[in-house]
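K.L.:
Using the sequences and the accompanying hints, generate a full structural model.
Per the working numbering, residue 4 is the first one in the sequence shown, and the count goes up by one each step.
Just so you know, the hints here were simulated from the structure itself, not pulled from any lab data.
One or more of the hints may lead you astray.
[Stated by the list, open to error] Keeping only pairs whose Cα atoms sit at most 20 Å apart, straight-line, the calculated SDA-like set for lysine to any residue is:
#	residue 1	residue 2
1	Lys273	Asp227
2	Lys270	Leu51
3	Lys270	Ile48
4	Lys273	Phe45
5	Lys270	Asp238
6	Lys273	Glu40
7	Lys273	Gln217
8	Lys270	Ser44
9	Lys273	Ala41
10	Lys270	Val241
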Amino acid sequence: MPVYAQLGVRTVINARGNATLAGGTLMDQAVLEAMAEAARSFVRIADLEVAASQRIAAATGAEAGYATCGAAAALTLGTAAILAGLDPDRIDRLPQTDGRPDGMLVQRVHRNGYDHLVRAAGARLVEVGGPEGATADELERAIDDRIAGVFFQADEEPAGLPLADTIEVAHRHGLPVLVDGSVNLPPRTNLRRFIAGGVDLVAFSGGKTIRGPQASGFLAGRADLIRSVGLQHQDLDVLPTTWSGRALLETGALTRIPSHGIGRSMKAGKEEIVGLLVALERYLARDEAAEIARWRRLADELTAGLSEIEGLETWTEPMSPPDRPVARTAIRVDPAAYGRSATAVVQAFERRDPIIMLADHASADGILRLDVENLRDEEVAPIVDAFAELAATPGSAPRGAPAARPG
Numbered sequence: 004m005p006v007y008a009q010l011g012v013r014t015v016i017n018a019r020g021n022a023t024l025a026g027g028t029l030m031d032q033a034v035l036e037a038m039a040e041a042a043r044s045f046v047r048i049a050d051l052e053v054a055a056s057q058r059i060a061a062a063t064g065a066e067a068g069y070a071t072c073g074a075a076a077a078l079t080l081g082t083a084a085i086l087a088g089l090d091p092d093r094i095d096r097l098p099q100t101d102g103r104p105d106g107m108l109v110q111r112v113h114r115n116g117y118d119h120l121v122r123a124a125g126a127r128l129v130e131v132g133g134p135e136g137a138t139a140d141e142l143e144r145a146i147d148d149r150i151a152g153v154f155f156q157a158d159e160e161p162a163g164l165p166l167a168d169t170i171e172v173a174h175r176h177g178l179p180v181l182v183d184g185s186v187n188l189p190p191r192t193n194l195r196r197f198i199a200g201g202v203d204l205v206a207f208s209g210g211k212t213i214r215g216p217q218a219s220g221f222l223a224g225r226a227d228l229i230r231s232v233g234l235q236h237q238d239l240d241v242l243p244t245t246w247s248g249r250a251l252l253e254t255g256a257l258t259r260i261p262s263h264g265i266g267r268s269m270k271a272g273k274e275e276i277v278g279l280l281v282a283l284e285r286y287l288a289r290d291e292a293a294e295i296a297r298w299r300r301l302a303d304e305l306t307a308g309l310s311e312i313e314g315l316e317t318w319t320e321p322m323s324p325p326d327r328p329v330a331r332t333a334i335r336v337d338p339a340a341y342g343r344s345a346t347a348v349v350q351a352f353e354r355r356d357p358i359i360m361l362a363d364h365a366s367a368d369g370i371l372r373l374d375v376e377n378l379r380d381e382e383v384a385p386i387v388d389a390f391a392e393l394a395a396t397p398g399s400a401p402r403g404a405p406a407a408r409p410g
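P.N.:
Rendered as structure tokens:
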């Protein structure tokens with residue numbers, strides 16, 4: 004019996020995208036095999052992270068890199084590195100900053116729920132500008148002796164002050180720039196674009212388009228900041244005379260070994276690190292143009308199939324978000340003609356086995372979206388059939404769905 008069936012958990016047809024709540028992505032067989040092999044031997048995590056740094060640096064053009072437990076952890080660790088550097092006293096105190104510079108400038112238009120990960124390290128997010136963005140002058144005027152760095156949300160890059168202008172102002176004042184690039188693959192060129200543009204740290208997800216372990220991610224950027232990340236992440240139950248990193252003490256780069264850092268709870272295991280590196284290598288070799296064409300074909304097939312159903316207006320969106328070349332099928336649901344609302348569709352699909360997950364962010368406005376990046380070819384027809392089945396049975400649960408629980 005399949006493992007999820009043993010656990011009594013239904014699987015998902017994933018038209019939601021690379022969202023963690025839908026299970027992220029699916030790993031290639033080579034990644035799974037590499038993780039299994041990694042699980043059969045012990046290794047010093049510090050040594051493995053050195054190897055990871057070299058691979059990530061080669062892929063991104065950065066001075067160094069670091070494998071993390073997801074892009075979320077990468078943002079917290081990157082912020083902690085900006086706040087504490089190589090000062091063991093500051094490392095030990097985070098998230099308390101004790102009057103030291105702890106402000107991270109961010110454009111108001113770039114705020115979202117994920118910037119909690121920056122605040123988790125102890126940073127204060129200092130908003131700049133208004134709902135339409137910010138200007139270089141506004142960013143500059145917000146800089147004072149309490150500001151430690153600048154946070155930039157790459158997903159919102161089209162809005163507000165451009166990244167190049169943000170970097171110019173920040174670097175003129177000696178402030179590092181941390182970029183959240185977690186959902187900015189594809190295109191693959193973004194792996195190098197941010198570093199080439201001058202950002203100091205950029206966080207990527209390993210468990211989305213790269214198709215690594217779901218709980219994997221990485222940072223790329225300045226070597227000194229990456230060194231601070233390692234100090235705040237790894238197990239430091241060590242002695243100065245036998246620590247594998249004792250060269251930092253011998254050269255004076257570090258005055259003492261800090262205690263376990265704020266990132267200790269975010270540890271990345273040897274299996275996840277190896278899986279990430281193999282997935283990253285494979286991502287660099289994949290035919291991106293062929294993938295983009297396949298995604299467009301699947302979206303067009305869904306759009307055409309669903310357009311035959313009364314009450315559904317459909318169209319293919321070529322990119323999501325702007326500059327991310329993954330086509331989506333958009334659906335406007337007419338409750339009167341279709342027999343139920345967009346929200347009711349989501350609720351009905353939730354009762355199916357397998358569950359059909361789709362992007363429901365605009366469901367209150369009658370809009371649903373199907374992200375095809377993780378769809379198998381053979382899953383297009385079941386999705387169209389599910390919509391048709393709902394149209395034929397308005398207001399009731401779809402055939403084949405589990406019975407409603409009493410009470």
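K.L.:
All hints are to be evaluated individually against the structure, with a verdict given for each.
P.N.:
We went through each hint and held it up to the structure:
{"no.": "1", "hint": "Lys273 <-> Asp227", "result": "violated, 23 Å"}
{"no.": "2", "hint": "Lys270 <-> Leu51", "result": "holds, 13 Å"}
{"no.": "3", "hint": "Lys270 <-> Ile48", "result": "holds, 10 Å"}
{"no.": "4", "hint": "Lys273 <-> Phe45", "result": "holds, 8 Å"}
{"no.": "5", "hint": "Lys270 <-> Asp238", "result": "holds, 9 Å"}
{"no.": "6", "hint": "Lys273 <-> Glu40", "result": "holds, 10 Å"}
{"no.": "7", "hint": "Lys273 <-> Gln217", "result": "holds, 14 Å"}
{"no.": "8", "hint": "Lys270 <-> Ser44", "result": "holds, 18 Å"}
{"no.": "9", "hint": "Lys273 <-> Ala41", "result": "holds, 7 Å"}
{"no.": "10", "hint": "Lys270 <-> Val241", "result": "holds, 17 Å"}
Comparing the model with each numbered hint stated earlier shows that hint 1 is the single one that does not hold.
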